[in-house]
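Asks: Chains as they are written, first to last, in this note's numbering: chain A, 1 to 108; chain B, 1 to 112.
Be careful, since some hints might not be right.
Partial selection, computed: residues in chain B whose CB lies under 7 Å from chain A [what the hints assert, rightly or not]: (1) Gly42; (2) Val54; (3) Gly100; (4) Phe103; (5) Ser105; (6) Gly106.
Calculated from the structure, these hints are not laboratory results. Positions of the beta carbon are idealized from the N, C-alpha and C atoms, including for glycine.
The residues making up each chain are set out below.
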Amino acid sequence: AQRVTQPEKLLSVFKGAPVELKCNYSYSGSPELFWYVQYSRQRLQLLLRHISRESIKGFTADLNKGETSFHLKKPFAQEEDSAMYYCALSNYGQNFVFGPGTRLSVLP
Amino acid sequence: EAQVTQNPRYLITVTGKKLTVTCSQNMNHEYMSWYRQDPGLGLRQIYYSMNVEVTDKGDVPEGYKVSRKEKRNFPLILESPSPNQTSLYFCASWGVSSYGYTFGSGTRLTVV
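Extracted from the complex, chain B is given alone in its bound form (with noise of 0.2 Å):
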């Protein structure tokens, strides 16, 4: 089955602890990208990237860091969480052959 799979689904982590979100897609989709859903606030773009090592800044990069070394993962590091990046993550990605946007399932993060 087509998907973008994210881990964790829940995480609840201390302020300054390193921590990991990973995604994969499984449909060789050039472009992946990581947003931040908050309530008011729709969907804000955090970084995306376009292809394997090609990564740029989305809308509200600070805290964040991104890695694509393989094309089909692209996981999100918040090196330093504060609890500002209390949040719901989503993970999506498109593909020239796709039909449009595939997004993964969510991380809710809560950083105390």
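Same shape as in the complex, but just chain A (with noise of 0.2 Å):
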């Protein structure tokens, strides 16, 4: 079965420390990874998705297979970080599958 998850409800850091929001997933074929993020009292919105291998807002992610991980990652964290993420699974239009959240706060 399709599984996502997310080791830490609540990370807190500090500005300008780096952050790395953990994400693993378990899944028998080929899945499609990507994290949302949704700022208080806001629509989800997708962050990145594994495929592009792009930067937005300085986040990054690497799909590690062998850990089936898909960790985000910034080396230096801003105040408007502050947001909740998901990490989520897709088999290539198939279902959606969401991880249960961590709320990151980034402290001044």
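Mind assembling these two chains? They're in different frames, but the hints should get you there.
Replies: Structure, rendered in structure tokens:
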């Protein structure tokens, strides 16, 4: 079965510190992985898609098939990065599965 | 502008009074889905639809109905709402040519 886990419910870091939001998945095939962000009282927005391999707002994520992980990283956190982050998995047109989310709090 | 539109944004209703939350997308997406978001539980999928007249249950379908008569619309129906359905609901759509899931702005439902 498809499953996405995010072990940290809450992650607090100081401004300027590096950030790593963990995501692990279980899936028998080759899934498509995403990171979504939800700022306070707003809709979820797509942040990253593993296929595109691009950097958005300074965030990057690398798909590690051996460890079945898709951790989200940023070298220097900003206060405006404070939000809820969801890792998600899709099997290319079939269903999407979201992780439970990690709340990132960047302290001044 | 490409978007997913949900209505209403806020709704307060009483137990047992049928209600419908509408969802419409203008991107010709094949796939649409409903989620509810509750504190500490993240996003849980209620129902999804692969295309017109094709719907399937998600993780928490009890107490909800959906229909997909047209590609652009995917309403969520609560036949007899109960207080445990008080939640924030999101509709989302995805197409084979799209970059990823597009979410609506959400509907905050309170059942008293």
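Asks: Now look at each hint and say whether the structure bears it out.
Replies: Here is how each hint holds up against the structure:
1. Of the supplied interface hints, the one on Gly42/B holds, with its beta-carbon coming within about 4 Å of a beta-carbon of chain A, less than 7 Å.
2. Interface hint at Val54/B: violated, since its Cβ lies 12 Å from the closest Cβ of chain A, which is beyond the 7 Å cut-off.
3. Evaluation of the Gly100/B hint against chain A yields a held restraint, the C-beta minimum of about 4 Å falling below 7 Å.
4. At a threshold of 7 Å, the smallest CB-CB gap from Phe103/B to chain A is about 4 Å, leaving the interface hint in force.
5. Checking Ser105/B against chain A by beta carbon gives a least distance of about 5 Å; that is within 7 Å, so the hint holds.
6. Taking 7 Å as the C-beta cut-off, the interface hint given for Gly106/B holds, the closest approach to chain A being about 6 Å.
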